[in-house]
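Spelled out, the chains give:
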Amino acid sequence: MSEPIIQMIGVNKWYGDFKALTDIDFTVNKGDKIVVCGPSGSGKSTMIRTLNWLEAHQEGKIIVNGHEMHAKMKNVDAVRMDVGMVFQHFNLFPHMTVLENLKAGPMWVRGVKEDAAHKTAMKFLDRVRIPEQADKYPGQLSGGQQQRVAIARSLCMQPKVMLFDEPTSALDPEMVAEVLDTMIELANDGMTMVCVTHEMGFAKAVADRVVFMDEGKIIEENDPHSFFDNPQNPRTQNFLSQILQH
Amino acid sequence: MLFADTVVPDPAVHKPKVMAIMVAVGFVLFSLMGLNDTIFGEFMRPVIGEPKESGLFGNLATGLVISIIFTINVVLIGFLPFRAQVFVVWIELLALFLAFFYSFGLDFTFIRSKVWFMISQGVFTTLYISAISIILASIVAIFGAVAKLSSNGFANAIATFYTSFFRGLPLLMQVYLIYLGLPQLGYVIDAVPAGILALTLCYGAYMTEIFRAGIQSINKGQWEASRAMGFKFGLTMRRIILPQAMPLIIPPTGNQFIAMLKDSSLVSVIGVWELMFLARTLGNKDFKHMEMLITAAMIYWCLTMVLEVIQSRIERHYRTVSH
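Here the protein sequences line up with chains A and B, keeping their order.
Note that my numbering has the first sequence beginning at 1, numbered continuously upward.
Note that my numbering has the second sequence beginning at 247, numbered continuously upward.
Heads up, a few of these hints could be off.
No farther apart than 25 angstroms at their CA atoms in a straight line, the calculated lysine-lysine pairs in the DSS-like style are these [what the hints assert, rightly or not]:
| no. | chain 1 | residue 1 | chain 2 | residue 2 |
| --- | --- | --- | --- | --- |
| 1 | B | K263 | A | K19 |
| 2 | B | K261 | A | K72 |
| 3 | B | K478 | A | K61 |
| 4 | B | K478 | A | K113 |
| 5 | A | K136 | B | K466 |
| 6 | A | K74 | B | K298 |
The hints are simulated quantities; they were obtained by calculation from the structure and are not laboratory data.
None of these values were measured; they are calculated from a predicted model.
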């Protein structure tokens, strides 16, 4: 199972003078479920956004699905098609129905025919358990439903890996569970996942590895059992004691 | 309405102080107008005697009566509900306006003999020139806006130069420059295409800014989601960004169309037979300038009112469609 699908090797990134990422070494193998956590401003969102190159890095290497990501690359769209991304604020296309949101990717860039795209869309809507919302507009759905549609939209592209950038942070508490359930099911089906999240219960339930970041560096990376029960770094200990306090 | 307050004060016009001020100000203004030799003075004949000889007393008495009538009218309107108020004030203003035109002693048979030609020839030309120009200007504006937002130096420079130049020159001058300037370069251009070209370029420059603002108002997350799915720039623009920007772009574009309808009168200077041109030429021949100008003015006004209604419909449509 140790076939790397994402590799970050010595990655550094700056926003002007501000150093956002420092010497990041990070590998995701096929089938891995990795949770990235850390205090706000620690660079975890920046890191996940460099993986499909929504953000550019300046030093080091990022290799996704066999392609090195860099400013002159020709096939960035081809790489992105295979990398699903779920955003904190869902970013569904509000002028299109749920079904149209789901069909757009396969039809416009994968060249899938309308009926096939429709079938796939309904299959994944079933899977996130909101097939009855197919003809509504995103604005008519609750936050949790919107995020599940966003997950289904990414799945319709048949991605090789899914990136989640704080998928539950913008949700009301009672909607967090339904999105996490969807993500846990996805993990159990064997999807390769990288999740930036503060949901430690989710990390304990599905993660193969937990990555802790602070000030743009990976401070600690371990299996969830060791990570939660026996954190090595004092900053990790401090962070965990704060978020697990309540 | 801006914001409907929960506390509703008495209408200002029902406060005795405001009423008194209205009467006082009205009295001064109407008296200064010296209305004793008008139709109002005629009505006052029982009080002031022969209007023409009533002098200062006549003016003051007329002014006082008119200001009182005016104030009573305003106070009464103050009792009406909102919509009725709007309606009555509209009608009254319109009546005053028509009375103003009527006082010119216009020759209505002359107007009636020309008005059909003005509509069939003039309105038609005005409308089709404006319609073609607004469509072409929208196309120019899409490219202008994308170029202006682009990181390509050439595109950005050309677009900013274009908008700066065509927004910086009076439209009248652009019409002349195109009609008289292009033949200097060897391209003889007819009046109608020259007018359409001038309107297109000028309004394209203004609408570039409208389109740019519309495109920029779309959340960055939409770009990110679209690009993250592997949609290229053009596809993202066409299918994701512009459809969402349209509800923001269309209302001001409607506004531009209304403005253009009137600015199309400027192409009359190069002899296009649109409404303004006909108004001047038809009136000139018989020295009936006012008749034709007022008729044209009324036609322009009616056209823009129709367009305003259409625009508000479109606006409402987009407000309900976008969620």
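Structure-based check of all given hints:
{"no.": "1", "hint": "K263/B - K19/A", "verdict": "violated, 68 angstroms"}
{"no.": "2", "hint": "K261/B - K72/A", "verdict": "violated, 74 angstroms"}
{"no.": "3", "hint": "K478/B - K61/A", "verdict": "holds, 24 angstroms"}
{"no.": "4", "hint": "K478/B - K113/A", "verdict": "holds, 19 angstroms"}
{"no.": "5", "hint": "K136/A - K466/B", "verdict": "holds, 23 angstroms"}
{"no.": "6", "hint": "K74/A - K298/B", "verdict": "violated, 91 angstroms"}
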